[in-house]
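Enquirer: Next come the chains, spelled out residue by residue.
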Amino acid sequence: MKVLVAVKRVVDYNVKVRPKADGSDVDIANVKMSINPFCEIAVEEAVRLKEKGVASEIVVVSMGPKQCQEQIRTALALGADRGIHVETDAELQPLAVAKCLNALVAKESPELVIMGKQSIDGDNNQTGQMLGALSGLPQGTFASEVNVADGKVAVTREVDGGLQTVSLSLPAIVTTDLRLNEPRYAKLPDIMKAKRKPVENVSPEDLGVDVAPRTKTLKVEPPAQRQAGIKVSDVSELVEKLKNEAKVI
Amino acid sequence: MSILVIAEHDNASLKGATLNTVTAAQSIGGDIDVLVAGAGCGAAAEAAAKISGVNKVLVADNAAYGHQLAENVAPLIAEIGKAYTHILAPATTTGKNIMPRAAALLDVQPISDIISVESADTFKRPVYAGNVIATVQSADVTKVITVRGTAFDAAAGEGGSAAVEAVDTAHDSGVSSFVGEELAKSDRPELTAAKVVISGGRGMQNGENFEMLYKIADKLGAAVGASRAAVDAGFVPNDMQVGQTGKIVAPELYIAVGISGAIQHLAGMKDSKVIVAINKDEEAPIFQVADYGLVADLFEAVPELDGKL
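As they're listed, the protein sequences go chains A and B.
Just so we're aligned, residue 1 is where the first sequence starts under full-length UniProt numbering, counting upward by one.
Just so we're aligned, residue 1 is where the second sequence starts under full-length UniProt numbering, counting upward by one.
Among these hints, one or two may not hold up.
Computed list of lysine-lysine pairs in DSS-like fashion (alpha-carbon distance at most 30 Å, straight line) [stated by the list, open to error]:
1. K241(A) to K215(B)
2. K124(B) to K32(A)
3. K241(A) to K308(B)
4. K195(B) to K231(A)
5. K247(A) to K280(B)
Here are the simulated distance ranges between beta carbons [claimed, not checked]:
6. A170(B) to S169(A): 18 to 28 Å
7. P237(B) to S24(A): 49 to 59 Å
8. A224(A) to Y214(B): 30 to 40 Å
9. K82(B) to M1(A): 31 to 41 Å
10. Y214(B) to K197(A): 48 to 58 Å
Don't read these hints as lab results, they were simulated from the structure.
Heads up, the beta-carbon is just placed ideally off N, CA and C, and yes, glycines get one too.
Generate the whole structure from the sequences, applying the supplied hints.
Expert: Given below as structure tokens:
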């Protein structure tokens with residue numbers, strides 16, 4: 001079974017991002033970039049499926065500028081077999097990414113597509129579902145457990161009320177939630193080996209996709225800041241403040 | 001302008017998030033219709049008809065929609081929704097699952113998790129775990145939007161008398177099926193709707209110790225939440241997680257116990273009116289957003305708090 005995994009290059013989750021002074025965009029010059037954490041979980045899940053003998057080949061795809069090669073190489077070091085880089089300097093919105101992925105799904109015919117449920121920059125949580133619509137494939141979003149058997153995949157999903165399990169016929173799309181697995185670290189020999197794995201370079205035009213943005217960011221600004229509070233000395237003072245000052249209990 | 005609101009419900013009753021979404025629709029302006037897609041969902045449709053400000057309720061009652069499978073509901077929303085200028089749903093796990101799929105069928109780039117309406121085509125939404133607020137303008141003919149419930153007041157659930165109309169089209173993709181669910185059962189209020197929330201973090205050390213929080217919750221009529229660290233450690237189930245990728249809460253009072261305050265957690269609770277933090281590490285970032293901070297060992301402070309309430 002071939003598995004296609006999509007990974008996104010994002011600002012590292014430890015970096016606190018701020019808007020630029022003119023409010024035109026966020027300031028991400030010279031900050032550390034990494035694989036989006038949810039995408040890392042997607043790579044790990046694919047590698048585990050391969051280790052179990054369920055998956056035979058893992059193709060990793062990333063989209064964006066030249067530097068996305070770094071994230072593709074990281075995924076290759078973690079165990080993916082080959083890479084596809086959809087290279088463009090254009091702004092890619094989720095719909096455009098889903099269209100590019102749909103073209104790759106048509107070309108590669110994977111049995112399973114695994115991707116993160118959202119990226120920690122845009123926080124959109126859209127691309128997997130949109131790929132589902134464009135390809136007509138079923139979707140198991142926010143997955144905390146994935147089991148492939150008998151031409152189907154059972155996906156346990158983290159939903160507001162608890163957990164829900166759905167059964168999807170293959171091929172299918174899975175988007176990962178936090179507790180699906182704990183990604184491994186790449187070992188040095190694997191990082192060296194990853195440098196020799198093949199990475200194909202294509203453009204959105206090659207895939208026949210118009211990536212023109214549909215939404216425009218007019219402004220970015222910091223959220224309303226909270227006033228600094230006080231420290232109370234003990235529980236009695238806390239209860240007194242909540243009752244008489246904040247009047248919330 | 002005409003707006004279609006997708007109701008969140010469990011067939012028997014309407015979920016509160018629907019009411020907040022109706023308020024967001026009202027701030028865009030125009031006729032508001034509500035779509036209730038489900039199986040045996042007559043009661044939910046009747047409840048939707050009573051929401052103040054709703055023009056018409058469309059009911060798609062079919063076994064294929066019973067479990068809100070995106071493969072079946074998204075084509076229904078796309079088909080009905082194309083007659084509207086805006087399609088809105090709550091930014092719950094159900095809304096987030098279905099709406100992008102419906103949007104792509106309409107060739108629309110959706111806008112997730114809006115916190116304010118600036119105009120009919122311009123909205124504010126948090127990005128980067130709420131560290132940045134973006135003002136976004138859509139050029140698509142149909143606006144497909146999910147709404148953060150805590151950012152909008154609930155519309156009145158009574159007083160309306162909308163017409164109820166049946167929708168006959170059935171979409172059954174046949175590629176997905178519902179297997180089962182494990183839903184948390186609790187007599188406490190829902191996290192996203194509670195006036196008081198008390199949450200525990202890694203500092204709680206184990207699941208049994210959450211009992212201390214449940215006792216206080218019952219005295220205050222509160223819901224109990226948790227940080228990602230506490231859920232990952234297996235102390236409590238995932239439906240209790242508050243944060244960037246869990247639930248977003250904005251209660252009158254939020255009590256954080258043994259939670260250090262990672263930005264991903266703050267993203268889920270920093271709009272609470274009053275924040276209390278109890279943590280033994282006085283450097284913990286949670287104190288930077290807390291109105292009242294108590295530097296103390298939670299295993300002494302929490303039982304004492306319980307006794308004084």
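Enquirer: Assuming the hint says 48 to 58 Å, is it satisfied by the Cβ distance from Y214(B) to K197(A) or not?
Expert: holds (51 Å)
Enquirer: Given the hint of 49 to 59 Å, check if P237(B) and S24(A) actually sit that far apart at their C-beta atoms.
Expert: Since P237(B) and S24(A) have Cβ atoms about 42 Å apart, the given range 49 to 59 Å is violated.
Enquirer: Could you say whether the range 31 to 41 Å given as a hint is met by the Cβ separation of K82(B) and M1(A)?
Expert: Check passed, 37 Å falls within 31 to 41 Å.
Enquirer: A range of 30 to 40 Å was offered for this pair. Does it hold for the Cβ distance of A224(A) and Y214(B)?
Expert: With Cβ atoms ~32 Å apart, the hint holds.
Enquirer: Under the criterion that the straight-line Cα-Cα distance not exceed 30 Å, is the pair K247(A), K280(B) satisfied?
Expert: Satisfied, since the Cα-Cα distance of roughly 25 Å is no more than 30 Å.
Enquirer: Indicate whether the distance between the beta carbons of A170(B) and S169(A) respects the range 18 to 28 Å.
Expert: About 19 Å separates the Cβ atoms of A170(B) and S169(A), which means 18 to 28 Å holds.
Enquirer: For K241(A) and K215(B), compute the direct alpha-carbon distance and say whether it is at most 30 Å.
Expert: Holds, at roughly 21 Å.
Enquirer: Has the given pair, K195(B) with K231(A), been kept, meaning a C-alpha gap of at most 30 Å?
Expert: Holds: K195(B) and K231(A) sit about 23 Å apart, inside 30 Å.
Enquirer: For the pair supplied as a hint, K241(A) and K308(B), is the alpha-carbon distance within the 30 Å limit?
Expert: Status holds; Cα separation ~13 Å.
Enquirer: With a cut-off of 30 Å on the C-alpha distance, tell me whether K124(B) and K32(A) pass.
Expert: Measuring from Cα to Cα gives roughly 27 Å; hence the hint holds.
Violation of the numbered hints given earlier is confined to hint 7; every other hint is satisfied by the structure.
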